[in-house]
Amino acid sequence: MAIMHIISLALVFAAALLAVFGIASAMAKSRRFALASGMVLLAFAAILSAYLLGSGANYTMLGIVHIYPFSMLFVLLFSVLMMLIEVLSFASKNFAGMQILIGFAFIALLVVPSATSIIEIFIGLELFSVMVTFMIIIEGKSHTEAAVKFFVLSAASIALFSAALALMLPYNGSMLLAPASASLAAGSAMLLLALVFFIAAMSFDTAMFPFNLWVPDVYEGASANVTATIAGIGKKLSFVALIEVLFVFFASSGSIYSPLLALLSVLTMFYGNFAAMVQKRVRRLFAYSSISQAGYIMIGVAVATQYGVEASIVQIIAHAFMIIGAFALIMWLETINIRSIDDYSGLASRSRFAAVSLTIIMLSMAGIPPLLGFDGKLLLFSSAISANMLILAVLGVVNSFLSIYYYGKLISVMFTQKERRRIPLNIGIAAVVVVVLAVVVVLGIYPEPVIHAASMASSSLFSLASSP
Amino acid sequence: MLALLAIVPLAIAALLSPILKSRYDAVRYLSLAASIVSLILIAVLGTAPAGTQSITWFSIGGYAFHITTQTYALNMLLLYIIAIITPLIIAYSIGFMGVPSEQARYYFELDIFAAAMMLFAMSGNFIAMLIGWEMLGITSYLLIGFWHRRDAPPNAARKAITIVFIGDMMMLAAMVIIWVSYGTFNFSLLLRAQSSAALYIAMLLVMFAAFTKSAQFPFHEWLPDAMEGPTPVSAFLHSSTMVKAGVFIIAALLPLYMELHMGTLLVIFGIVTAIIGVLNALAESDIKRILAYSTIEDMGLMFVALGFGSLIAAMLLFVVQAFYKALLFMNAGTIMRANDESRSIHALYGSSSYKPLFIVMLIGVLSIAGIFPISGFFGKLGVEISATSIYAYAVLLAIDMLSSIYIFKWLLLPMRHQSSVYDQNATAWNYKLTPKSMMVPQYLLAGIVIAAGIAYIYIPSMLGSYSSAQMHFSVVGASAETVAVVLGAFIALYIFKLHPYASKLKEKHRYVFLSAYNSVASNAVYYYIGKAFLILSKAFEAFDYALLGFASAGGRSFVMFGNLVRKVENGQTNIYAIAFVLGIMLLLIMVLFK
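Going down the list, the protein sequences come from chains Z and A.
Read in order, the letters of the first sequence are residues 110 to 577 in this note's numbering.
Read in order, the letters of the second sequence are residues 190 to 783 in this note's numbering.
No wet-lab data here; the hints were simulated from the structure.
Idealized CB from N, CA, C, for every residue including glycine.
Worth double-checking, as some hints may not be accurate.
Straight-line C-alpha distance at most 25 Å; calculated PhoX-like pairs for lysine-lysine [to be verified]:
1) Lys621/A - Lys727/A
2) Lys625/A - Lys389/Z
3) Lys250/Z - Lys202/Z
4) Lys518/Z - Lys210/A
5) Lys389/Z - Lys202/Z
6) Lys625/A - Lys727/A
7) Lys544/A - Lys527/Z
8) Lys348/A - Lys621/A
9) Lys138/Z - Lys202/Z
Coverage of chain Z stretches by chain A, computed from C-beta distances (three or more under 8 Å per stretch; other residues unrestricted) [unchecked claim]:
10) 142–148
11) 308–315
12) 498–509
Computed footprint of chain A on chain Z; a stretch qualifies when at least three of its residues, placed anywhere within it, have a C-beta under 8 Å from a C-beta of chain A [claimed, not checked]:
13) 121–135
14) 220–227
15) 376–385
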């Protein structure tokens, strides 16, 4: 057991060191040092968390870091995703300064999944959203509007979350991440209010309708690597917080929030898909598509069973990789001023790599087998069916069909024949995209590792709720 | 996963082919090296203790789906055959495929094809089997239609894939039935299952699926058309891959067929197919199509032996047929190459002028005809004596005699020389120009064909765990077989060698053998079935248009909604904040008034 303690200490230490090295590289103004230190430490964190996940360790360290499969799976996921973000951000002028933000953001990514109290989750989420706000700004003055929008609306969500905390505390007496005490679970008006405020706050972060109006503007206003961070990591982190609090703290109130979340999920899927259909700019298209994807993920949460959470986790992993890959390609194509759907016409003849990989990513998003997006959706819909929420599954399938409209439109536009100047390959972005494609295709064909890890994570989370 | 490891080299070679597209030499030798590594790995696998291995592909909702491999004697038998033939085919292809620009695509498809067959051969449950099965179907489609710019190959490929897909659907249906009634995909568990009506239907479906792959009546017509593919592909397809898949799956599930008393069905279909095959081969004059019909006949004979419950006899023919058929196709390719790619047997000359080729051809022909002691003899005789009824035995003997006629015709006609000495010399020179890489595999195969007779000794002991029955060749049976074959050879000699104007026979024997209309008739049946479906699809089209109108009306309303969203999302943060508040109110109302 001692070796486990050392490894988990090393994990925490790596996260701290990442922030320290971020400061150092900003002071030295060295982008290379920032990248090297960042990649090494993140890879280190990924290996340690993979080891801890595989060993099935389950204990609390220092009273604040809970090492168990659920947290380790997400720390592993987030460190791998952060490595992709590092590579994407390397092209940015202020990368050395950004490394500080990435370092502190990673602390939030470690804290939220392995939180032992709701306060920790609260602090972690705020830390992350402040870091994201800075990330938007640091890329240049032109992004200020997006940053302000994000900041103002996330302030509203912070306010709601703290209101929820304030309502819970007097009733529960403790903010530990454990099933709420009987008085809270009894179903008083205060509990309901706290639950609603919490869900509303999380709906902002996870972009549920109607709390999602900020998403397209921010996705369009921020630079692409930051957008990838928000879409691929930030939203997923909020889902982690939502899942943790709902299924541990509010574990006994499942019957109350389940229909609520189901409604949000259906509205979000339809809203995202309908709005994506009429978009002219590719960024906004993917913004709306990621809104609808969040709706799919919410299906598993709304199902409120262990199997549903397992399905949500698989879809979270799938979508995180897909959206980062998509925004990596968008980022690359924007450097040569390819922005609108019209600009994408004939892309295949300009860069076959870009067209083919974007096609695979979009097919995966639409849920075409044998890609990872399909596996996630299959699990989500089957979890809804097994929990007797057939209508949710049916609406999910309907939305999958709707989404094929706009993905298919972009794909067919890309493959129209047009002979134009070829686009030179960008090595960093190509590397990110290749990693994403490998994940989407290989794990799509052989999903057992992901499904197994997700089921370990979800059962370890549910055992928290059932233990006294 | 030791067993699956054997596929990896070929898979890697296949994936590297498109990357190394511009360096086609590398692609060829990479494939050759990969196939040899596979051969070594399979040899190593043969020394490991037999057993099943299983990996979980995915588990969902409490059901786990596995990819299971097994390395029992039957699986190893097929694996050895594929592993030995694959490098020879690839080596032959190196000389055969001259077009540099198509190399990468060719080896990509060929490697996948071989890997798919290996996966099929080692499959221990229906999932692994189906993956190999489907990949075989798709890659065979690609390989048959390889020369896609010509007219005939794409049509042949389409025909093949259509028939093969019919089989795939039947296989899937059988899998569903088995899963629903037994809850397992595992072969070894299924073999121990209680028989039931559902199992009978499932096994019937598997049987017909096997018929599509193994080109049995009424699904046999795709195979002669598949001759449009490159010759090495034909050699591969007819010897160790694709057509063998059908026989193999029946052999693997043979105890179930015996238990359900379905052997008679197999015998009937097998004999009908063998007769169709042998008569067509007699009537045919295309050097490759003769061999194709001969394959149909051989496969029919294997099903006959299986139907009589003699796994050993079927597997004996299974093994020897693989080698002699690969050899004969390679010979055919060599002859065609020297004669400007003509395929009509009346337009091919001078095979006797190139002695090495002629000797290996003779070995192949003696084997397929069934002359002692070359391996084909044991295969043919084994099938004959597996017959439990005297009528069946007589029919099988007659089939062997007729097959001896066509195969000697196949040997004798290309031996003739052109009338002009100049042409004779030119053809002889063309034969001399045959690349070494095309001849060496033929020498090796000829050696194997001679030596494969020892399968008679090894197979009964190797398959001892499957069937306790032993095979005894009696002198009477052997001499009857030999007499029939020699008689056939003499008839062929009389008609084709002694007759100087053999080409005039072409018109005559079309009437002699009415079976020449088999192709026409089968294709007409296919045509009418296709036509019936076309009428059905017209009805669906009309329905589809109605649906389209409905859908486009729906689509317009979606777009209207989308435009509404665009008006709301105008970049004004205060509007977003109002939506935020409205959302909270919505949630509260939902919670409070539930």
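Provide an ascending list of the numbers of those earlier hints which the structure does not satisfy. 1, 2, 4, 5, 6, 7, 8, 10, 12, 13 and 14
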